[in-house]
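Chemist: Below are the chains, spelled out letter by letter.
Protein chains: 2
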Amino acid sequence: VELEDGDVVVVAQKVVSKAEGRVVALEDVAPSRFAEGISGDRDPRHTQVILSETARIVRLRPPLLIAETRHGFVCASAGVDASNVPAAGTVVLLPKDPDASAERIRGRLRELTGRSVAVLVSDSFGRAWREGTTDVAIGAAGLRVVLDLRGRRDSAGYELQATTIAVADEIAGAAELVMGKTDGVPAAIVRGLDLAGSGTGSDLVMPPDRDLFR
Amino acid sequence: VELEDGDVVVVAQKVVSKAEGRVVALEDVAPSRFAEGISGDRDPRHTQVILSETARIVRLRPPLLIAETRHGFVCASAGVDASNVPAAGTVVLLPKDPDASAERIRGRLRELTGRSVAVLVSDSFGRAWREGTTDVAIGAAGLRVVLDLRGRRDSAGYELQATTIAVADEIAGAAELVMGKTDGVPAAIVRGLDLAGSGTGSDLVMPPDRDLFR
Chain E
16 VELEDGDVVV VAQKVVSKAE GRVVALEDVA PSRFAEGISG DRDPRHTQVI
66 LSETARIVRL RPPLLIAETR HGFVCASAGV DASNVPAAGT VVLLPKDPDA
116 SAERIRGRLR ELTGRSVAVL VSDSFGRAWR EGTTDVAIGA AGLRVVLDLR
166 GRRDSAGYEL QATTIAVADE IAGAAELVMG KTDGVPAAIV RGLDLAGSGT
216 GSDLVMPPDR DLFR
Chain H
16 VELEDGDVVV VAQKVVSKAE GRVVALEDVA PSRFAEGISG DRDPRHTQVI
66 LSETARIVRL RPPLLIAETR HGFVCASAGV DASNVPAAGT VVLLPKDPDA
116 SAERIRGRLR ELTGRSVAVL VSDSFGRAWR EGTTDVAIGA AGLRVVLDLR
166 GRRDSAGYEL QATTIAVADE IAGAAELVMG KTDGVPAAIV RGLDLAGSGT
216 GSDLVMPPDR DLFR
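Chains as they are written, first to last, in the numbering used here: chain E, 16 to 229; chain H, 16 to 229.
Treat each hint with caution, since some may be false.
Identical chains share a label here; the pair holds if one copy fits it or two copies do between them.
Lysine to any residue pairs mimicking SDA-like chemistry, simulated, CA-CA at most 20 Å apart [claimed, not checked]:
id, residue 1, residue 2
1, Lys33, Ala102
2, Lys33, Arg168
3, Lys111, Arg229
4, Lys33, Gly172
5, Lys33, Thr84
6, Lys111, Val16
7, Lys33, Phe228
8, Lys33, Arg71
Keep in mind the hints are simulated off the structure, nothing from the lab. The structure displayed is predicted, hence computed values, not measured ones.
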């Protein structure tokens, strides 16, 4: 597949994190008493890594922990994952700065192909009230991530009042459908959208003052 | 465009609701004192319709109301919408039974085309902690809506423990990218997936006993 200008390249967080060395060997971790207390059947050192990545605990039903990360993302286990890791006894963390990761990948793709593409770094997040995860964008470069339609009018002339669409998350979810979880496919290309811009993954975090659930 | 067996036809809730007569004229609504009290700049009769569709108030920051509907969906304004309505002074409700709606549409498409397709009824839902709406599936017929990968192994042999993917929501979000909100396109076809099955929109509602946010 050759890249074209305007393509959106969606790259799975796991492969980005591994490339950036965001891997922790559990043998180097000393669990706290709190980590031991909430671990259940999980390795308490794994729980300790989760707690180290947690800026705030949003919900705790041991061993399940919903955390706010330093980036502001709210997700299970602060994004720490033990699947598809590079070696037994390791866990993978989220990238330190997923927007910087997306920008770096975008620059590298431009060097390699001469094409101007957008890049999303995606991860699977659970959702309040709904079953299952959907992939969302945690980092972005080169595209609009939220379409703000407020002020536009529908076909009857009604002015839309609360319509902002998280297109980057919809793109990440669409990409998940072709990447899968156990097939080792870490990237997908979404073509035919017209969304060039300069949004970031941070733009997709609800500001606390408008957040009814923080 | 001709339908093919296995296509997923995504139909916007709004057009389904209109076809099913789920439209309320505000002139027929008498607002309660409570509706008046929380309406702010909104027409209190509109608020009254929202309250009538609400099984439980999840969050209230007047005039913003996050509701659990009778279907179990948690969404803004109980899914009641004043955009893209059939006439001024009306609002549109969610279908009474979106899974039955999807099944009906699926049957009708089979009659008209001879093709066996899946149908999703989609709507735009906000999300806790994240900016913007994404389209999700509120009704489904003819496909799996949640892929349960628990027990499968990654390439390193690690057994996935908590991986269920809400593919129907990812499909609905992908369809939104080509439908838009002000273009009057009420349906999209998603082709190339292999998800035949018998999931429902109800399957996408998190059961209360596992829900940390209800």
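Chemist: Compare the structure with the hints numbered earlier in the document and write down the numbers of the violated ones, lowest to highest.
Modeler: Of the numbered hints given earlier, those the structure breaks are 3, 6, 7 and 8, listed in rising order.
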